[in-house]
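Visitor: Take a look at the letters that make up each chain.
Number of protein chains: 2
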Amino acid sequence: MNGMEQDHYYMQMAIEEAEKAAAKGEVPIGAVIVHQGEVIARAHNLRETSQNAVTHAELLAIQEACQKLGNWRLEDTNLYVTLEPCPMCAGAILQSRIPRVIYGARDSKAGCVDSLYRLLNDERFNHQCEVTENVLADECGGLLTKFFRAIRETKKKKKRLL
Amino acid sequence: MNGMEQDHYYMQMAIEEAEKAAAKGEVPIGAVIVHQGEVIARAHNLRETSQNAVTHAELLAIQEACQKLGNWRLEDTNLYVTLEPCPMCAGAILQSRIPRVIYGARDSKAGCVDSLYRLLNDERFNHQCEVTENVLADECGGLLTKFFRAIRETKKKKKRLL
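These protein sequence lines are chains A and B, in that order. By the UniProt record's numbering, the letter at position 117 of the first sequence is numbered 117, and the numbering carries on one by one without gaps. By the UniProt record's numbering, the letter at position 59 of the second sequence is numbered 59, and the numbering carries on one by one without gaps.
Please keep in mind that the hints were generated in silico from the structure rather than gathered at the bench. Hints may be right or wrong, so weigh each one.
What the hints assert, rightly or not - One side of the interface only, derived from the structure: several residues of chain A facing chain B at Cβ under 10 Å:
hint, residue
1, VAL39
2, GLU48
3, GLN51
4, ALA53
5, VAL54
6, THR55
7, HIS56
8, TRP72
9, GLY91
10, ARG106
11, LYS109
12, TYR117
13, LEU119
14, ASN126
15, CYS129
16, VAL131
Quantities reported herein were computed from a predicted structural model and do not represent experimental measurements. Quick reminder that beta carbons are idealized off the backbone N, C-alpha and C, glycines included.
Could you build all of it, start to finish, from the sequences and the hints given here?
Guide: Structure (structure tokens):
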């Protein structure tokens with residue numbers, strides 16, 4: 001596989017994680033961490049299930065990867081995530097020194113990699129990342145659109161029944 | 001106790017947490033979360049011990065508080081932390097909807113509440129916090145200065161022995 005094929009391959013895996021979240025009624029976001037060609041972590045958003053504010057896909061994947069490598073420094077890793085990271089997850093990427101981040105769709109409301117801030121490329125921090133955006137963005141964003149549309153329709157139906 | 005006395009009281013508790021971190025060889029940072037007058041979480045930085053990049057004092061305290069309240073929304077809580085939060089922890093504060101944050105010393109290198117960014121007061125996000133800084137700042141900052149000075153002195157001694 002060349003670089004772009006690899007990015008599509010692992011993003012497809014992150015999309016599968018996002019689909020698992022949707023099946024649980026969670027906002028569909030998925031993440032995968034690859035270390036030297038091996039998948040060492042895959043996770044999906046679990047905020048409602050866990051009732052824990054920090055259980056975003058990226059945070060869970062980063063913790064799993066640290067455990068696998070026995071190191072808080074995730075050197076030689078790539079993080080794939082279906083949606084542009086929020087400030088917490090962008091910060092966790094800096095904290096864990098992940099060298100490269102690949103994401104699908106932009107998040108115009110809370111994205112801190114390109115949309116509202118560029119936290120992963122601020123030279124005042126002690127780490128910066130290589131960033132690739134727009135990988136299978138339509139599929140990644142489509143999952144979210146479909147999820148929120150279904151929620152709105154359920155709410156409308158409930159209103160009609162009242 | 002009036003408001004300022006309360007802030008000093010809980011910050012002193014956060015300082016005790018920071019001292020526990022120092023005793024383990026961890027960068028001394030501590031955090032406490034108070035819910036309606038009751039301490040529901042206290043934690044200190046455990047990055048080296050856990051080898052998990054996200055185990056900052058605030059992240060650990062937020063997770064403990066979510067578990068205690070059975071809710072990812074930490075309404076009616078105050079978070080006390082000895083050092084200005086980094087981007088990850090500031091983001092986690094937004095994610096958990098903590099209404100008020102009180103911190104000790106500024107972090108000119110990575111602080112994202114006042115120093116490099118003002119993430120807790122950006123109206124584009126769906127949550128903003130009331131922030132009080134400079135509470136027992138000398139004690140909070142002093143712990144860090146002492147910790148890093150000791151590390152430098154140990155390194156110097158090692159060099160002399162080589």
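Visitor: If a hint holds in the structure, say so; if it doesn't, say that too.
Guide: Outcome of the hint check:
1. VAL39: Given a least distance of 19 Å, the restraint on VAL39 of chain A is violated.
2. GLU48: Holds: closest Cβ of chain B sits about 8 Å from GLU48 of chain A, inside 10 Å.
3. GLN51: This interface hint holds because 5 Å falls under the 10 Å limit.
4. ALA53: At 4 Å from the nearest chain B Cβ, ALA53 of chain A passes the 10 Å test, so the hint holds.
5. VAL54: holds, 5 Å
6. THR55: holds, 8 Å
7. HIS56: Since the shortest Cβ distance to chain B is 8 Å, the answer is holds.
8. TRP72: holds, 4 Å
9. GLY91: holds, 3 Å
10. ARG106: Violated: closest Cβ of chain B sits about 14 Å from ARG106 of chain A, beyond 10 Å.
11. LYS109: Hint holds; LYS109 of chain A Cβ to chain B Cβ min 7 Å, cut 10 Å.
12. TYR117: At about 7 Å, which falls below the 10 Å cut-off, the nearest Cβ of chain B leaves the hint on TYR117 of chain A intact, so it holds.
13. LEU119: holds, 6 Å
14. ASN126: holds, 7 Å
15. CYS129: Status violated, d = 13 Å.
16. VAL131: Not OK, violated: VAL131 of chain A not within 10 Å of chain B, min 15 Å.
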